[in-house]
Every structure is written in structure tokens, then in C-alpha cells.
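Here are the chains, one letter per residue:
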Amino acid sequence: MNPILKTVLQRLGLGLVTLFVVSIVIFSAVTMLPGDFATAILGQSATPETVAAFQRQIGLDRPPILRYLYWIGGVLQGNFGESFSSAGGLGGGHVRTVVSLVVPRLKNTLFLASFAALIAVPLSLVLGMLAALYRNSLFDRLVNLVTLTSISVPEFFVAYILMLFLAVKLPLFYSLASVSPDTPFLERVARCALPALTLVLVIVAHMMRMTRAAIINLLASPYIETARLKGVKPGRIIFRHALPNAWAPIATVIALNLAYLIVGVVVVEVVFVYPGIGQLMVDSVSARDIPVVQACALVFAVTYILLNLVADIVSIVTNPRLLRPR
Amino acid sequence: MSINADEFEMLAREGTTIPPVEPGDVVPQPLPPRRGTLASAWRALKSAPLTAWFGLIVITAYIILAVFAPFIAPHGESEVVANQYEPWSAQFPLGTDQLGRDMLSRLIYGARNTIGIAVVTTILSFCIGGTLGLLASIIGGWTDQLLGRAVDILMAIPQLIFALMLLSIVGSSIPNLIVIIAVLDSTRVFRLTRAVAMNVVVLDFVEAARLQGEKIPWIMTREILPNILPPLVAEFGLRFCFVFLTISALSFLGLGIQPPTADWGSMVRENATLIAYGDVTPLLPAGAIALLTVAVNFVVDWFLHKTSGLKDDR
Chain A
37 MNPILKTVLQ RLGLGLVTLF VVSIVIFSAV TMLPGDFATA ILGQSATPET VAAFQRQIGL
97 DRPPILRYLY WIGGVLQGNF GESFSSAGGL GGGHVRTVVS LVVPRLKNTL FLASFAALIA
157 VPLSLVLGML AALYRNSLFD RLVNLVTLTS ISVPEFFVAY ILMLFLAVKL PLFYSLASVS
217 PDTPFLERVA RCALPALTLV LVIVAHMMRM TRAAIINLLA SPYIETARLK GVKPGRIIFR
277 HALPNAWAPI ATVIALNLAY LIVGVVVVEV VFVYPGIGQL MVDSVSARDI PVVQACALVF
337 AVTYILLNLV ADIVSIVTNP RLLRPR
Chain B
250 MSINADEFEM LAREGTTIPP VEPGDVVPQP LPPRRGTLAS AWRALKSAPL TAWFGLIVIT
310 AYIILAVFAP FIAPHGESEV VANQYEPWSA QFPLGTDQLG RDMLSRLIYG ARNTIGIAVV
370 TTILSFCIGG TLGLLASIIG GWTDQLLGRA VDILMAIPQL IFALMLLSIV GSSIPNLIVI
430 IAVLDSTRVF RLTRAVAMNV VVLDFVEAAR LQGEKIPWIM TREILPNILP PLVAEFGLRF
490 CFVFLTISAL SFLGLGIQPP TADWGSMVRE NATLIAYGDV TPLLPAGAIA LLTVAVNFVV
550 DWFLHKTSGL KDDR
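Chains as they are written, first to last, in the numbering used here: chain A, 37 to 362; chain B, 250 to 563.
What the hints contain is simulated information worked out from the structure, not anything from laboratory work.
Please note: incorrect hints may appear among the correct ones.
Said to hold, decoys possible - Now the in silico label distances, taken between C-beta atoms and shown as ranges:
#, chain 1, residue 1, chain 2, residue 2, range
1, B, I465, A, Q46, 55 to 65 angstroms
2, B, V451, A, G271, 54 to 64 angstroms
3, B, Q507, A, E261, 38 to 48 angstroms
4, A, P258, B, G397, 28 to 38 angstroms
5, B, A310, A, Q46, 32 to 42 angstroms
6, B, T470, A, K269, 13 to 23 angstroms
7, A, V139, B, P336, 43 to 53 angstroms
To be verified - If you want the footprint, here are the derived chain B segments under chain A, 3+ residues with CB under 8 angstroms:
#, segment
8, 416 to 425
9, 513 to 525
Idealized CB from N, CA, C, for every residue including glycine.
Let's have the full structure, built from the sequences with the hints guiding it.
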């Protein structure tokens with residue numbers, strides 16, 4: 037079998053196994069709930085009957101394996117169950133499915149994340165390569181200092197500074213990113229500008245440092261030295277010799293940082309009151325609305341695993357040693 | 250193969266995959282720095298760059314604030330002294346917060362609470378991750394495989410998301426917070442410890458110790474630990490920053506340290522409305538977090554450069 041295909045299939049298999057195990061971990065969340073959980077959700081005044089009804093509703097009367105199969109079966113068909121906050125007949129109110137809560141929020145988050153990524157990825161790759169090419173120059177040192185500082189700073193600090201200066205002192209942008217499903221595209225972009233800018237600042241620092249490290253590493257390898265010694269022009273060294281080997285580290289850098297974006301998005305969404313999945317998760321955690329928390333955690337984890345998988349596969353597929361087997 | 254400074258930094262900062270180390274692949278490990286004399290420490294300090302000096306001074310200042318908080322702060326931690334959101338004045342240098350508590354005093358007490366909890370968490374995380382990492386590298390075989398796969402699974406879920414999920418189950422309290430973050434963070438410590446210890450385990454003196462019949466705890470603490478100490482110390486600084494930022498983020502989200510305990514993350518959240526009026530006060534606790542992490546990072550950068558003998562540019 038073609039060695040590339042074989043390795044790729046191996047990685048895909050491994051990815052599936054990881055997804056499976058992670059789904060078990062997330063599912064076990066409910067099983068690990070302390071016994072007084074129903075009382076905590078329903079309040080002290082809950083009668084024993086209500087508590088029993090609630091436990092039956094979340095399926096605590098069935099063995100865990102059955103519950104897992106039932107749950108994962110539902111998830112695969114796009115059914116994550118019902119939110120506790122509207123638990124049918126218990127909290128009053130109409131029944132709200134987890135999907136109806138998560139899907140619109142997920143779309144918003146994907147919009148914000150891709151907006152940020154579209155700006156951040158090209159910017160940081162160019163900055164990283166420049167810093168690597170002119171390493172130890174004034175430019176490199178300056179960029180190093182600035183990025184080291186912005187890596188060390190909490191996201192909400194960057195977010196509030198931007199809000200203070202770019203929305204309050206100088207009213208250039210919207211300070212709160214309130215959007216609804218029928219907001220027109222251009223207005224949506226304008227409203228998301230500040231949260232996107234925050235995310236860009238946070239991940240450019242990471243991505244640029246990692247790109248720089250990857251390129252410096254590569255430029256120090258003996259075969260580049262050989263090319264340089266035999267008089268190959270610098271441009272040709274970069275594009276013909278270095279770049280084919282650089283795709284793998286660059287893909288890893290991008291995927292890792294897009295994965296990092298997923299985490300950063302939670303805090304940034306809360307700061308700018310953006311109706312995304314991160315904010316939904318935070319609200320559900322405070323309300324201890326476990327089905328919604330599970331769904332959000334699963335969405336985040338799956339995205340994270342898939343991004344890492346893509347990076348793995350890109351680095352295999354672009355590996356010159358595998359492309360031209362001896 | 251050897252780990253160069255940038256790769257090392259990537260490993261340390263990002264918790265990326267550790268480059269595979271074959272058993273026969275012996276890496277010359279840098280010797281631990283000679284310690285014990287004040288003079289040599291002073292010599293090292295004198296040659297330290299400006300950024301490291303800045304970092305050390307800032308860290309010292311924070312420690313003094315944290316330790317002597319009750320003597321420095323003009324008011325009590327949760328004492329209501331005036332109306333809410335008082336502006337900056339001679340009586341209340343940084344104004345008051347949303348309940349009318351003195352902002353300056355809250356900031357000073359916040360140093361004690363926020364840093365204290367982060368330090369305890371990091372120490373716990375190192376005890377767990379370091380011990381398991383050393384065990385995995387010495388025993389090898391099934392133990393190593395089992396621990397390695399468990400860590401892979403834990404790391405497959407983004408850390409903040411995992412922490413949020415666990416907090417929703419067990420509820421938010423300081424002990425819960427410490428244990429959850431420590432366990433999740435120990436995965437990174439495990440990976441690094443195992444990776445650097447692997448290089449030492451294959452050396453002759455460890456073999457000699459094994460043949461002498463030394464027990465595993467002896468090999469762990471006397472043979473291997475001293476040889477991997479410098480990268481672990483640097484990692485401690487970086488992990489502290491990470492833990493500190495995670496706890497602040499959780500507190501900021503309202504799921505970490507709970508009121509009325511003064512804590513920088515929650516202080517930002519509680520006073521955030523002031524930003525809309527162009528007031529910088531809510532940025533002060535966020536700035537306090539930022540300044541400390543930047544300072545620690547500067548010191549760690551210098552320390553890595555110094556002890557590892559690794560050069561930034563090859």
C-alpha cells in the first residue's frame with residue numbers, strides 16, 4: 037500500500053479512537069455527579085417525587101453503559117437531549133432542546149473565529165518569517181519583546197484595553213458585539229471588529245513565535261548550509277529547499293493556534309457579550325445545566341481534535357521523504 | 250538529537266508533542282548550576298539582562314505585598330468604607346468598587362489570594378506530574394504506556410473547557426478549583442518530566458545505581474532529579490503563569506474564586522461597567538495579573554538561556 041495512504045489511515049483511525057474515548061469522558065460527567073445534585077438544581081423545597089422524576093428524566097435509573105449508548109446514538113443523530121433549565125414539567129416553561137440552544141450560538145462563534153483567523157494567519161506567518169530571516173536584528177528583538185509580553189497577558193486585559201481606547205475614548209468601533217440572526221453581513225463584521233481584533237492580537241503572538249522557531253530550526257539544518265555553501269541564491273534556498281520541509285511545522289503551528297482560538301473565544305465572548313457558544317457554556321456552567329455543558333464541551337473537543345488531526349495529516353502528506361519513497 | 254532553545258520553548262509554552270526519543274539516543278545533559286555560594290549567584294545576577302532584573306524586582310515587590318498585605322492595606326479586605334464607585338481621591342487613592350470597598354486594599358489583598366492559590370496549584374501539579382513522569386521514565390513498559398495514553402486523552406480536550414465542565418459538576422470552591430487545575434495542568438508537567446528524564450535514564454550512572462540495587466525512590470530523587478532540575482525549574486515558572494492566567498480567567502468568568510474574597514480576576518468582572526465611562530480602574534487588577542506574568546516570563550527566559558547552555562541562535 038502507498039505509504040502516505042497507510043500513515044494517513046492510521047492517523048484517522050487514531051483520531052476516531054480519541055474521539056470515542058473523549059465522548060466517554062464527557063459522558064461520564066453526568067455519572068460523576070454528586071448524589072445531592074437533583075436537590076441543588078431543583079432547590080431545597082423539591083419533594084422526593086420531583087427529585088425521582090428528575091433523576092428518571094436524566095436517566096439515572098438505567099445502567100451507565102445503556103445510558104452512554106442512548107446518549108451517543110442521539111448525538112450522532114444530532115439530538116443532544118433537553119436543557120435542564122427548561123426540564124419538561126419540572127421548571128414549568130416549554131421544553132428546549134440543547135440543539136436549539138447550541139446551533140445558532142455555534143454559527144456565531146464560527147463566524148467570529150474565522151474572521152479572526154483570516155487576519156491572524158497570514159499576518160503572523162509573514163511576521164514570523166521576517167523575524168526568522170532577520171534574526172537578532174532590532175526588528176526581531178522588538179517583535180520578540182512585544183509578543184512575549186502579549187502572550188503573558190490575560191485575554192480580558194487586551195480586550196478591555198481595546199474597548200477602552202477604541203470604543204470609549206475614541207468611538208471607532210462598537211463596544212458590545214450584540215448581533216442577532218438577521219443582522220446584515222456588513223454590520224455583523226463591524227460589530228465583531230473589536231472581539232476579532234482581540235483574538236488576532238492574542239494568537240498572532242503565539243503563531244508568530246512558533247513560526248519563527250520552526251523556520252530558524254529549519255535554516256540551521258545541514259542541507260540548507262550545503263545549499264548556501266554551494267552558492268544557491270537566498271530566494272531559491274527559501275522557496276526550493278526550505279519551504280517544502282516547512283509546510284509540516286507551519287501547518288502544525290496554524291492548527292495549534294486555531295485550537296488555541298477555541299479557548300480564547302470563551303473569554304472574549306464574555307467580555308464583548310457576544311452570543312457565541314463560549315458564553316453559552318459559561319452561563320450553563322453557572323446554572324449547572326449539564327446537558328448543555330456536555331454538548332458545548334463535545335463541540336469544543338471535537339473541533340480541537342479535528343484541527344490537530346488535520347495538522348498531522350498535512351505534515352504527513354507534505355513530507356518529502358514520504359512523497360518520494362526510495 | 251538534542252532539543253534546542255526554541256523547540257524547548259515551544260514545548261514548554263505550548264505543550265506540543267515531545268520529539269520522540271529512542272532509547273539509544275543519548276543526549277548530553279547540561280550540568281546543574283553550581284549553587285550554594287552567594288557570590289556566584291550575585292555574579293550571575295550582575296550579568297543578567299535588564300528584562301530579568303525588571304522581572305526579579307517586580308516579583309519581589311509582589312511577594313512583599315502578598316506577605317504583608319494586612320499591614321500595607323489601608324482598609325480591610327471586604328470592609329465597606331464608602332459609597333459605591335467613588336472616584337479616585339486622597340482618602341481612597343484608587344476609588345471604591347461596586348460595593349463601596351476600598352479598591353487599593355482589595356488589590357493588595359488580591360495579591361495574597363490570587364498568587365497564593367496559583368502557587369499552591371502549581372506545586373500540586375508538579376508533585377503529581379513530576380512524580381508520574383519520573384516513574385514512567387524509570388519503570389517504562391506498561392506503566393509508561395498507560396500513563397502516556399491517559400495524558401493524551403486528558404490533553405485532547407482544551408484545558409479551560411475541561412475545567413469548566415468539571416466545575417459545573419463539582420461546583421465552584423477553592424479546593425475544587427485547586428485540584429481540578431492541578432490535575433489538568435500536571436499532564437504538561439508529566440510530558441516534560443518524562444521527556445527530559447528519558448535522556449538521563451539511559452545513562453551509565455543510572456544503570457550502575459540499578460545494579461547496586463537502589464530502590465525506585467532513590468533513583469528518582471538522587472540520580473535523575475538533580476540532572477533534570479534546571480528545565481523543571483524553568484517549567485515551574487511557565488506553568489505558574491499558565492495556572493495563574495487560567496484561574497484568573499475562571500474567576501473573571503465568575504466560576505473561580507468566589508466573592509467576597511478579593512481576587513484580581515473577579516475584580517475585573519465586578520467593576521467592568523466602569524470601562525463604558527472611560528474609567529481605567531477595572532484595568533488595574535487585570536494589569537496586576539499581566540505585570541506579574543510578564544515579569545515571571547522575563548526571568549524564566551533568562552534562566553533558560555543561562556542554565557541550559559542552549560543558545561537562541563545556532
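To see whether the hints hold, each was checked on the structure:
no., hint, verdict
1, I465(B) to Q46(A): 55 to 65 angstroms, "violated (34 angstroms)"
2, V451(B) to G271(A): 54 to 64 angstroms, "violated (43 angstroms)"
3, Q507(B) to E261(A): 38 to 48 angstroms, "violated (58 angstroms)"
4, P258(A) to G397(B): 28 to 38 angstroms, "holds (32 angstroms)"
5, A310(B) to Q46(A): 32 to 42 angstroms, "violated (53 angstroms)"
6, T470(B) to K269(A): 13 to 23 angstroms, "violated (55 angstroms)"
7, V139(A) to P336(B): 43 to 53 angstroms, "holds (45 angstroms)"
8, 416 to 425, "holds (count 5)"
9, 513 to 525, "holds (count 5)"
Going through the hint list in order, the structure does not satisfy hints 1, 2, 3, 5 and 6.
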